[in-house]
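Here the protein sequences come in this chain order: A and B. Quick note on our numbering: the first sequence kicks off at 1 and runs consecutively. Quick note on our numbering: the second sequence kicks off at 1 and runs consecutively.
Read the hints as simulated data drawn from the structure, not as lab findings. In this text, a Cβ means the ideal position worked out from N, Cα and C, and glycines have one as well. Possibly wrong hints are sitting among the right ones.
Simulated crosslink set (DSS-like; lysine-lysine; CA at most 27 Å straight-line) [said to hold, decoys possible]:
1) B:Lys271 x A:Lys65
2) B:Lys239 x A:Lys65
3) B:Lys324 x B:Lys202
4) B:Lys415 x B:Lys385
5) B:Lys502 x B:Lys447
6) B:Lys483 x B:Lys503
7) B:Lys125 x A:Lys62
8) B:Lys261 x A:Lys62
9) B:Lys403 x A:Lys65
10) A:Lys6 x B:Lys271
Okay, the calculated bits of chain A under chain B, using three or more residues with CB under 8 Å as the criterion [claimed, not checked]:
11) 12-23
12) 27-33
13) 47-60
Simulated DEER-style distance windows between Cβ atoms [what the hints assert, rightly or not]:
14) A:Glu67 x B:Asp35: 31 to 39 Å
15) B:Lys517 x A:Glu67: 37 to 45 Å
16) B:Trp215 x A:Lys65: 21 to 29 Å
17) B:Asp333 x A:Glu67: 37 to 45 Å
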Amino acid sequence: MDLTDKEQVERCRNGHPEDFGLLVDRYQKPLFSYLAWRVGNFSQAEEAAQESFVRAFLSLKKLRKPESFFSWLLGIAGRVAREQFRFELHRRQEHEAAETMMMSAAGQNEDYPLEEAIAVLPENQRQVILLRYYEGLSCQEVATRLGLPLGTVTKTLSRAYILLRQELKARGCAEQTVNETKQT
Amino acid sequence: MNCAECRDNFVACAEGLLERGEELQCRAHLEACADCRAEYELSLRLEKRLLARGQAAAGVAIVETVMRRVRQEQFKPERETIMSKIMKHRWGFGLGAAAGTAAILLIILLASPKAQAKAAEVMTKGAQAVAKLTSIHLRGQLRTYPQDNFSSINSDCEFCTIELWKQFVPELKWRAEKPGRVAVMDGQSTVLYFKDANSGAKFPHPSPSAFDTEWLHQIAYLSNTISNELHNAQAKGWKLDTSEETAADARVKSIVTIHAKSGIAENDYLKNSFFDNTDTRRVYRFDAQTKLLEAVQFYLVRPSGETLIFDLNQIDYNQPIDPKVWQLDLPADVSWEQEPQKLPDNEKYASMTAEQAARAFFEACSREDWNEAAKFMSPINEQLKQYLGGLEIVSIGESFASKSYGGRFVPYEIKLRPQEFNARVSKTNSAKRYVLTGFYDDKLRLKQDFKWSTEPEVLTNNDAYARLSPTEAAQAYFDAQSKLDWVEMRKFTSDWDVEETKKQVEMAEKQGIDVHKIMPVMEAGEATWSPEQSAWFVKCRAFQTKKWNLAVRKDNPTHRWQVDGGI
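Whole structure, please, built from the sequences with the hints as guidance.
Written as structure tokens, this is what we have:
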């Protein structure tokens, strides 16, 4: 069984800074995906992801709820993305181009901040979602990796979907059924 | 199949992982229930989104890059973030090493009460004064046990020396040392060595600070100290004072005092045992002219009063450091701490409670099954084997936690295997009675000399004592010691031995320990004459019971409880 985020963060704080690499490994893909959605550019997303992790590491002692590491990391990433945008704006001196850049990213993106919703899932559901979709494992592989019965993994995923949908709906960005679309 | 069961099966159904019968039931329910059918469709769409997001990130592999940057960033005097790059560009000048501290000052001046602003100003100027720091050497005194953790404090202890040497350029190196332990980062690896136990721990990479030396590095790295102290002052409401005083040489000193609160309750087990769980008054003294930090004092603050626990009175800036400082000449047989590895039957151990793990560890020690004991602790060296081998468990209590510790504490009581040693007994003195001159091991190697400085006093009833045999004299000494009868004890031993024993007893009593309960039961046995030493050697045995709290933690990849202290 992998260490929880809380245990991992506490370990980094307690003399094992190299173990931060395990948290990077766990969240590099969802963080990149989130930033790619926000900035609309893969190379910038990767640069921002690196900067976000470095800042997170340097501020790790200030993290009050280690179990919410991913939510906290996304908050840092959001600030990095904004700074990156302002930096680009300044560098290019081309406001319109920069505006266009941002518009083409989040503003007109038909997708939504899935990772923000994933971040608030219970740890066991988040872990299964990350392994299944960001690490590309099959349900059976996830079950083997976590030492869980296959049925537990599929049920956990099914329940995670429902919670994700509720969370996204609360944020006003959930997928809607045909009926829901008609009502709104 | 009802709605809840059907929804639990969405993923298994979509991926064809249900048994035939269950799948038919699930599909039948979906046919019949419009709500579940709609939810199922949405789940499938959500899954597609998730798959797309995952595939977009499939090639991302930034762990190595991030960790390389993490190490580099830690080594830099100032972090260069995207924001600082923007600042540099916008204002067109290099802000240099003091940029961060200047920014902090600005924020504090704008947003803080006057005292904080003044404190920030003094400390920031102190950081600017050492902006081009190439090396630093700190030497001070700390109330702690010489062999204990670098951040461990004990207000009842005598002061012991603590030092930090730190080189910033051309590459970061450091060494922290107190009498019982030393840690060295030579630019390649980071090593901790326990001098008495001949054991240690090492990282194969350079660490900017490690092994609980962080607080000392903070002082050496003043801009960080400023940042942390002022952040805490604002975020936690710590009080800050500034004042000035004129020293004997007429130089004016600027003093910043910070009243730090740990947030740890008075009844917490670890309260006041480490810097981070202690309320402290921290006094930083700067020379008002050079702006340099010249001294630091930390006072432990308790409801009963204050005690000076750390006194840093020597700070050398930019002095050449002897390259030998970065070298550790270690014996070949050092026992190195090993990270716990997953075992074939790891789950059996990972599922243990803290109490079960403590019992299993002590039982392994009792059987002297060191392979089994090593599953709970590393390293287990010869010294530890000798100490714990053959022990007998008296009791294992219910574990408890401390707010400032990531593991648990398991109360235990054990009977240690009797320790055998020899007492050297001699009557070549003017009182002509047997007195002890030292303790020796089983091979008659001196372990503790009693440092006689004067002849034993001739007693009024000296004859009665002069009639005692070597064994009887040794037993009388032990009996007097166990009763804490210093007058009687002094009839058989040196003033030095009595005073040392008294000191240890007083220290234990200050810590609330019932000394009578921890005193070993001593037994004096057969005496043998040594012609070479012209003295008798009395075989002695010490039967000791140990009652303490075993610190265990399981935040490691194997998820097994590991003994972390309290032996």
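A quick look at each hint next to the structure:
Between B:Lys271 and A:Lys65, the direct Cα distance comes to roughly 22 Å. Compliance with the 27 Å bound is thereby established for this hinted pair. Between B:Lys239 and A:Lys65 the alpha-carbon distance is near 25 Å, which keeps this suggested pair within the 27 Å criterion. A hinted pair counts as satisfied when its Cα atoms are at most 27 Å apart, and B:Lys324 with B:Lys202 qualifies at roughly 19 Å. Proposed proximity of B:Lys415 and B:Lys385 is supported: the alpha carbons are some 14 Å apart, at most 27 Å.
Straight-line distance between C-alpha atoms of B:Lys502 and B:Lys447 comes to about 19 Å, which keeps the hinted pair within the 27 Å bound. This hinted pair checks out: B:Lys483 and B:Lys503 have alpha carbons roughly 15 Å apart, not beyond 27 Å. Our distance criterion of 27 Å between C-alpha atoms is met by B:Lys125 and A:Lys62, whose separation comes to about 25 Å. About 16 Å separates the Cα atoms of B:Lys261 and A:Lys62, which keeps this hinted pair within 27 Å; it holds.
At roughly 14 Å between alpha-carbon atoms, B:Lys403 and A:Lys65 fall within 27 Å of each other, so this suggested pair holds. Taken as a hint, the A:Lys6 and B:Lys271 pair is honoured in the structure, with Cα atoms around 23 Å apart against an allowance of 27 Å. With a cut-off of 8 Å between beta carbons, the region 12-23 of chain A has 6 residues touching chain B; three or more are needed, and the interface restraint holds. Using a Cβ-Cβ cut-off of 8 Å, 5 residues of the region 27-33 of chain A lie near chain B, which meets the minimum of three, so the contact claim holds.
Note: the region 47-60 of chain A has 8 residues with beta-carbon separation from chain B under 8 Å; the three-residue rule is met and the coverage holds. Between A:Glu67 and B:Asp35 the Cβ separation comes to about 33 Å, which falls inside the hinted range of 31 to 39 Å. For the pair B:Lys517 and A:Glu67, the supplied restraint of 37 to 45 Å holds, since their beta-carbon distance comes to about 41 Å. Restraint check, B:Trp215 to A:Lys65: a C-beta distance of roughly 24 Å satisfies the suggested window 21 to 29 Å.
At roughly 43 Å, the beta-carbon separation of B:Asp333 and A:Glu67 lies within the given 37 to 45 Å, and the hint holds.
Against the hints set out earlier in the document, no violation occurs for any number.
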